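Student: What follows is the residue order along each chain.
Number of protein chains: 2
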Amino acid sequence: MLNVVILGTGNLAKHLFRAFSNSEKVHVVQVVGRNQESLNDFATQTITTHDFNSISDADVYVIAVKDDAIAEVSSYLKNKKGIVVHASGAVEMSAIEPENRGVFYPLQSFTKGKKVDFSTIPICIEANSPQSLKTLRILAETISEKVHEIDSDQRKKLHLAAVFVNNFTNYLYGVGEEICVEEGLPFDLLKPLILETAEKVQTLSPKEAQTGPARRNDEKSMESHLNLLNNKDHTALYKLLSEAIKQAYEKEL
Amino acid sequence: MLNVVILGTGNLAKHLFRAFSNSEKVHVVQVVGRNQESLNDFATQTITTHDFNSISDADVYVIAVKDDAIAEVSSYLKNKKGIVVHASGAVEMSAIEPENRGVFYPLQSFTKGKKVDFSTIPICIEANSPQSLKTLRILAETISEKVHEIDSDQRKKLHLAAVFVNNFTNYLYGVGEEICVEEGLPFDLLKPLILETAEKVQTLSPKEAQTGPARRNDEKSMESHLNLLNNKDHTALYKLLSEAIKQAYEKEL
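Chains A and B, in that order, give the protein sequences. Sequence positions in the first sequence follow the numbering used here and run 55 to 307. Sequence positions in the second sequence follow the numbering used here and run 55 to 307.
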């Protein structure tokens with residue numbers, strides 16, 4: 055049985071708490087957070103405190119707070135023997151002050167109130183000793199089938215890649231929605247296509263899955279699309295993305 | 055019972071054939087195509103011909119060929135009484151030569167060999183008479199629960215929106231893959247995130263679902279991401295997309 059303290063009460067903290075609570079091999083002994091109202095969500099299920107000087111002893115301390123606050127929160131754990139980890143994709147392991155440090159980064163986008171199947175979520179772990187790494191692997195494997203050892207440099211790149219496939223992709227969904235709404239069409243029309251596009255690359259490389267006018271270098275279609283666009287940001291995006299796709303495939307044509 | 059002739063033997067023709075064949079209310083009386091080898095795929099299940107001057111009589115003729123070939127294929131159907139439709143998002147209904155014309159556009163990306171659930175795919179119909187429109191609606195409803203009457207101008211915009219959420223999104227998946235591969239990381243790490251991003255907007259508007267450094271106007275994170283990028287196309291995309299997201303949300307910050 056691994057004893058865990060979670061520091062933070064936001065979205066990620068809630069999802070981690072739920073996942074750990076479903077495992078028989080983990081006991082969340084305490085949740086620590088500044089916000090009393092958010093702490094109340096955990097209070098029926100474990101011990102909670104807003105006093106960062108009253109943190110319980112545990113095997114692993116998971117800091118699930120905003121990137122900027124990780125270093126400060128970790129400073130309250132300087133005298134602890136357990137492993138202190140953060141759960142961020144973008145922050146270096148060295149941001150953690152205590153010597154027994156690591157990273158426990160679940161690579162997923164968590165939405166308030168939306169349950170996720172943790173077993174399929176990749177958990178990227180890093181630690182500064184083989185023993186800590188072993189413990190983090192055991193902890194990660196209690197909730198996920200996909201545990202990867204990844205160093206801070208790799209994790210930063212992974213986080214950057216995630217911005218492209220998540221944040222930027224979502225923005226393109228928004229452009230699709232705007233174009234629909236302008237034309238009095240429901241965004242619902244695009245939803246099955248959005249899902250299928252994501253499902254396709256679960257088995258096919260995006261390189262193979264690429265279709266569309268730019269892929270075929272179909273100048274006529276691209277020209278008529280550009281004539282339909284009346285938002286200059288959308289026009290700039292259309293041109294840049296089409297040009298990038300054209301260049302990637304022009305050798306094949 | 056509606057009798058249908060399918061013209062074309064590609065991906066879309068195959069998917070439509072399978073969907074119609076599963077309905078008791080539709081009989082695909084013939085498949086017409088130039089490519090004898092492709093016709094063989096249909097030959098055990100219906101009558102096939104490569105002779106465009108021997109097309110059977112039917113209630114609806116579905117032209118499922120490349121956009122550029124639609125007009126020419128339709129010219130072989132000039133003397134037919136049934137409704138002649140194409141299945142393209144980008145081509146105007148008027149490209150069809152016969153007078154009794156329409157459009158039957160399933161808004162989805164079809165992959166060779168990958169089965170799709172047609173019942174959830176929006177089918178966009180258009181016709182030049184109320185009677186034909188009624189027939190196309192009956193036909194569409196035999197395979198899908200989502201049938202929409204959409205005119206040629208709306209359909210063009212919809213097709214443009216589809217390019218953003220499908221072709222361009224897939225390109226961003228490819229960028230994510232490239233960044234992973236460069237760093238010796240498996241693209242598999244990003245797949246659950248890709249799926250979740252698509253699933254999120256099935257119930258949430260992309261505007262609400264937006265997250266990431268640009269959404270928060272987190273200059274420090276964006277700067278460090280730009281420092282990690284060493285492909286100038288990726289850098290240009292990162293800047294343009296981040297700027298667009300920043301502008302869309304800066305009023306809220």
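No lab work stands behind these hints: they were computed from the structure. These figures come from a predicted structure and were not determined experimentally. Don't take every hint at face value.
Which copy is meant is left open, because identical chains are indistinguishable; a pair holds if it fits in one copy or across any two.
Said to hold, decoys possible - SDA-like, lysine to any residue: derived pairs with alpha carbons at most 20 Å apart:
{"no.": "1", "residue 1": "132", "residue 2": "168"}
{"no.": "2", "residue 1": "210", "residue 2": "277"}
{"no.": "3", "residue 1": "211", "residue 2": "265"}
{"no.": "4", "residue 1": "300", "residue 2": "288"}
{"no.": "5", "residue 1": "274", "residue 2": "122"}
Student: Determine for every hint whether it applies to the structure shown.
Tutor: Against the structure, the hints come out as follows:
In this assembly of identical chains, the alpha carbons of residue 132 and residue 168 never lie at most 20 Å apart, being 34 Å within a copy and 54 Å across copies at closest. For a Cα distance limit of 20 Å, the shortest separation of residue 210 from residue 277 across copies, 12 Å, qualifies, whereas the shortest one inside one copy, 38 Å, does not. For a Cα distance limit of 20 Å, the shortest separation of residue 211 from residue 265 across copies, 18 Å, qualifies, whereas the shortest one inside one copy, 27 Å, does not. For the identical chains of this complex, residue 300 and residue 288 are neighbours both inside a copy (18 Å) and across copies (14 Å), given an alpha-carbon limit of 20 Å.
Taking the closest pair of Cα atoms, residue 274 and residue 122 come within 20 Å of each other only across two copies (11 Å); inside a single copy the shortest separation is 49 Å, beyond that limit.
When held up to the earlier numbered hints, the structure conflicts with hint 1 and nothing else.
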